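Undergrad: Sequence:
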Amino acid sequence: MKSILEGWVRRRNPQFALHPAMSTSILLSFGAQTAQSLLRGSRLWLRGRAASGAMLGRGVRFQHLGRIRFGKWLKVGDYARFSGLGTGGLTLGDSVSIGAFSQVIVSTSLAEPGQYIKLGHRVGIGEFAYLGGGGGLSIGDDCIIGQYFSCHPENHLHADHKELIRLQGVSRKGISIGPNCWIGSKVTVLDGVMIGAGCVVAAGAVVTRSVPAGSVVAGVPARIISSRVPQPVTPEALNKILAVA
Numbered sequence: 015m016k017s018i019l020e021g022w023v024r025r026r027n028p029q030f031a032l033h034p035a036m037s038t039s040i041l042l043s044f045g046a047q048t049a050q051s052l053l054r055g056s057r058l059w060l061r062g063r064a065a066s067g068a069m070l071g072r073g074v075r076f077q078h079l080g081r082i083r084f085g086k087w088l089k090v091g092d093y094a095r096f097s098g099l100g101t102g103g104l105t106l107g108d109s110v111s112i113g114a115f116s117q118v119i120v121s122t123s124l125a126e127p128g129q130y131i132k133l134g135h136r137v138g139i140g141e142f143a144y145l146g147g148g149g150g151l152s153i154g155d156d157c158i159i160g161q162y163f164s165c166h167p168e169n170h171l172h173a174d175h176k177e178l179i180r181l182q183g184v185s186r187k188g189i190s191i192g193p194n195c196w197i198g199s200k201v202t203v204l205d206g207v208m209i210g211a212g213c214v215v216a217a218g219a220v221v222t223r224s225v226p227a228g229s230v231v232a233g234v235p236a237r238i239i240s241s242r243v244p245q246p247v248t249p250e251a252l253n254k255i256l257a258v259a
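Offset between the sequence shown (1-based) and the numbering used here: plus 14.
Where hints are given, some of them may not hold.
Simulated crosslink set (BS3-like; lysine-lysine; CA at most 27 Å straight-line) [said to hold, decoys possible]:
| no. | residue 1 | residue 2 |
| --- | --- | --- |
| 1 | Lys132 | Lys176 |
| 2 | Lys187 | Lys176 |
| 3 | Lys187 | Lys200 |
| 4 | Lys132 | Lys200 |
| 5 | Lys176 | Lys89 |
| 6 | Lys86 | Lys132 |
| 7 | Lys89 | Lys132 |
Don't read these hints as lab results, they were simulated from the structure.
All figures in this text were calculated on a predicted structure; none of them were measured in a lab.
Using the sequences provided together with the hints, build the complete structure.
TA: Set out below in structure tokens:
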């Protein structure tokens with residue numbers, strides 16, 4: 015039983031290994047839940063969309079399905095919602111995981127449709143996320159992202175104090191998040207931000223400006239607090255090291 019289940023899960027996650035403490039009853043319950051999720055996912059084929067191995071929770075909704083491109087082994091929690099309304103639609107890579115009650119919405123406007131949302135392979139996002147695609151949003155491969163994550167790739171214009179803000183339109187620059195990032199829970203990323211590959215963003219941060227690859231950022235607004243990339247030793251620093259030695 016354990017070897018069968020482990021082999022099945024490894025089709026989606028080749029590094030997966032069962033913990034020895036997992037009992038047969040837990041595995042049977044997990045297997046039943048997975049079977050139900052696969053059955054729900056199979057309905058996408060009936061709607062003309064190829065979504066190999068999709069596992070969907072209860073109440074998952076897809077709008078503008080014709081503009082959504084699916085990778086293999088999509089996993090979605092209960093009551094998540096997806097909309098492909100936008101000039102570039104919604105693209106989901108292989109082995110993407112989206113938590114329950116999340117919203118992945120390229121746009122809601124027919125007058126000013128958004129651009130696109132692109133999620134790379136093996137992207138995992140926790141529950142209650144909100145991803146917008148107004149100015150375009152891309153998240154690279156192998157990013158792991160906590161709960162209540164939100165991305166807003168557009169801003170409301172407000173320079174004219176005599177005019178209603180809602181009538182002044184929006185600006186859109188887009189958001190790009192590189193591969194292999196770890197983003198904590200309750201992080202907000204605002205329009206125009208580019209987060210380089212391999213960054214770590216602390217929980218609760220509000221990222222308002224771009225950060226280079228390998229950065230560790232935290233705070234409101236988020237600031238670089240360290241780097242994961244080894245820094246070259248300057249001549250001054252080398253002299254100090256030699257002096258101590």
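Undergrad: Quick one: which hint numbers does this structure break? Sort them smallest to largest.
TA: 1 and 5
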